[in-house]
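Enquirer: Following the hints, put chain B in place on chain A, whose structure we already have.
Top to bottom, those sequences are chains A and B.
Heads up: the first sequence begins at 47 in this note's numbering, then just goes up one per residue.
Heads up: the second sequence begins at 78 in this note's numbering, then just goes up one per residue.
Calculated directly from the structure, the hints in this document are not laboratory data.
Simulated DEER-style distance windows between Cβ atoms: (1) A:LEU197 with B:LYS312: 26 to 36 angstroms; (2) A:SER230 with B:ASN291: 52 to 62 angstroms; (3) A:VAL88 with B:GLN159: 23 to 33 angstroms.
Below, in silico cross-link-like pairs of lysine-lysine (BS3-like), each with a Cα-Cα straight-line distance of 25 angstroms or less: (4) A:LYS149 with B:LYS179; (5) B:LYS161 with B:LYS192; (6) A:LYS149 with B:LYS312.
From the three backbone atoms N, C-alpha and C, an ideal C-beta is built for every residue, glycine too.
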Amino acid sequence: MKSGKVPAWTLLLCGTAALVHFVPAIGSALIYDRAAIESGQVWRLVTGSLVHLSPRHFTYDALALFLVGMVAELRGIRNLGMLYLTAALAIGVAIFQCAPELKLFAGLSGIVTATVVFLCLDGLSEGDDLRWLWWGGLFSVALKILLEFSLDTSWLVASGDEAFVAVPLSHLVGAGTALTMYSSARHLRFLGQGHRMHSSEGEAC
Amino acid sequence: MSINVRRTLLGRALASICVILVVAACATVHERHNSASVVDFLYPDTKDPVVTPSVPVLALPLRVGIAFVPNGGYASPVLTEQRKMDLMQQVADHFRKYPYVKSIEVIPSPYLRPKGGFANLDQVRTMYGVDVIALVSYDQVQFTDEGLLSLTYWTIVGAYVVPGEKNDTQTMLDTVVFDIKSRKMLFRAPGTDRVSGRATLVNASEQLRTDSGNSFDAAAKQMIENLDQQLALFKDKVKEHPDEYQVVRTAEYQQSTGGGSVDGYWLALVGAVGGTALLLGRRQ
Numbered sequence: 047m048k049s050g051k052v053p054a055w056t057l058l059l060c061g062t063a064a065l066v067h068f069v070p071a072i073g074s075a076l077i078y079d080r081a082a083i084e085s086g087q088v089w090r091l092v093t094g095s096l097v098h099l100s101p102r103h104f105t106y107d108a109l110a111l112f113l114v115g116m117v118a119e120l121r122g123i124r125n126l127g128m129l130y131l132t133a134a135l136a137i138g139v140a141i142f143q144c145a146p147e148l149k150l151f152a153g154l155s156g157i158v159t160a161t162v163v164f165l166c167l168d169g170l171s172e173g174d175d176l177r178w179l180w181w182g183g184l185f186s187v188a189l190k191i192l193l194e195f196s197l198d199t200s201w202l203v204a205s206g207d208e209a210f211v212a213v214p215l216s217h218l219v220g221a222g223t224a225l226t227m228y229s230s231a232r233h234l235r236f237l238g239q240g241h242r243m244h245s246s247e248g249e250a251c
Numbered sequence: 078m079s080i081n082v083r084r085t086l087l088g089r090a091l092a093s094i095c096v097i098l099v100v101a102a103c104a105t106v107h108e109r110h111n112s113a114s115v116v117d118f119l120y121p122d123t124k125d126p127v128v129t130p131s132v133p134v135l136a137l138p139l140r141v142g143i144a145f146v147p148n149g150g151y152a153s154p155v156l157t158e159q160r161k162m163d164l165m166q167q168v169a170d171h172f173r174k175y176p177y178v179k180s181i182e183v184i185p186s187p188y189l190r191p192k193g194g195f196a197n198l199d200q201v202r203t204m205y206g207v208d209v210i211a212l213v214s215y216d217q218v219q220f221t222d223e224g225l226l227s228l229t230y231w232t233i234v235g236a237y238v239v240p241g242e243k244n245d246t247q248t249m250l251d252t253v254v255f256d257i258k259s260r261k262m263l264f265r266a267p268g269t270d271r272v273s274g275r276a277t278l279v280n281a282s283e284q285l286r287t288d289s290g291n292s293f294d295a296a297a298k299q300m301i302e303n304l305d306q307q308l309a310l311f312k313d314k315v316k317e318h319p320d321e322y323q324v325v326r327t328a329e330y331q332q333s334t335g336g337g338s339v340d341g342y343w344l345a346l347v348g349a350v351g352g353t354a355l356l357l358g359r360r361q
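Looking at chain B on its own, in the form it has when it is part of the complex:
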């Protein structure tokens, strides 16, 4: 009798341990964090005196550089150099049409070093001949939770076919535009995205990489849209605060961009001819 009781108690204890283990497994949260901070890059040593920006002199058309801020630690496996170049090329293509942009140089990552600061930007300025630089930073966090379906992993087959991994990817891309010479930040534009999905245990990491890439792409798209808006706001700001930003239109700039423009004379002419034709034509 006592042996049976002991066996029963032992069985219950084992079962309880199993349940605890399973529940604990279900509650497991894995986190991946990739980031590259523009503050860490530009102001690496807090003991340094604060950099005081001066009034930027923007000589149009501007020569613009675009670069990804280097990350000091673990690099995202998805954000490869090629992907970075493609993303920066998208931004560059988008802004190449503006007449006040003379050129956009896509600067590869090796030209910036972690915690390089403005000294590093001065080197880039010399090497590439850029006046203004757009620094792209990012922050991506990925969470993986194992849901109730992960219980099926005990069957081995479940690990292959049941999507028990719940992935959540949150991304922020941020472009901040600096006038290198004056150290003045001109404007910034963020882009954010969140991707949620599920995966089986065996393809969890592959799915995470896919989500990571998709989330970067979506955030980049939003960032480019925001860049447009921020650029428009910045133009207004320059007009409203001429004491804070000096704009110099070079002769080259004046001559290199042409507009087929209708002016007051044309409008009056078109209005007179068109309006009269409409009015008198109808009467006839």
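Same shape as in the complex, but just chain A:
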């Protein structure tokens, strides 16, 4: 674990999400709006993840992303921004293709899922004493996605206070994106040194 490293990508993403949440005019221009995307505003496929539909929705998503993103960056995973961007795009495209009934979509949780999965895969590649933790994390993510698909809801939404349906597809696509990027990184080596996803201690900046 590298101490003193600033989790820049995570702070940037959380900060942007906060800005979007607290300035509704920006949110209106960025939210995944199927009709607007069909009329040519394709950036909404990517930016929809930055928007949130309620204060609690934002708080939960931003808190989770901050925690897992910070850990990932502190562990030395580089170019996490690439993962965030790819996951956001993949989620937007997947929802556009597979969920035509959704007129609006918002939320960072797909990216949170991608980050958790990526962190766990990266941890496993290190072969350290925390293997049980990484396997447990992956198992929990898989279990959660299965539960969401089978129950077709999530606890936050099921509580009745939120005015939207949960979209397990975003979590599945987030996890899939992380797996794909991890596999690609092993071959392309663009995220770290060698097959490992994080920068080594002795690596020059």
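Expert: Using the frame of chain A, we list chain B on its own:
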């Protein structure tokens, strides 16, 4: 001798009249007043019985209309139909993102008639299929004072180059949101602005129009910000007073808006994995 005295007196009298005229001219205040009142539109005849609102049933997602209240008299030369449409479009774009808003229809002025009342709104409801309407009213007053510099107008050139006209423009835009069927006012949000400036005599009216337009724009910006706040307050109010507002979430509403949401399970998972990694990672 007496002729000289008479001439002197005549001269003084003329000079005094000139001074009085100039001072009077300096003190001249011109006022322009443009307004469109939502009360005049909705309750035009005070002899009518008071409209008693019933409990509104808000079926989400709402179909919202937005329209400028028609003014019965002199219309603002600046607030053209195009400007009204642009302003309403700004408001509509701002609120389109909310999942509980299914659509926002910008309704042109000709569809509302002065003193049309709720009967007119019922017609709009039928024509546009809207449940809720946001009525935008305005009140703008412009004052023009001629300052001391206006004395230079006597030189003719001064009227072209010296900004002796002091303009003051005060604007209030107000959006009030009604549930048409129940006649119930849901919430309102105002936006105000004041613009002060100077102009030469020859471009005074042009400057007034510019000030008027700028002031409308600034008031609209503030009104949109206030709409956000009032909407948040209204949502709280609906939760606190379920007996006053009924909210029905349609199946369409439930299915059409998706949230990628982190819930308690995710938070616990992220907390466990992240926290443990941080803790044990540091030890190692």
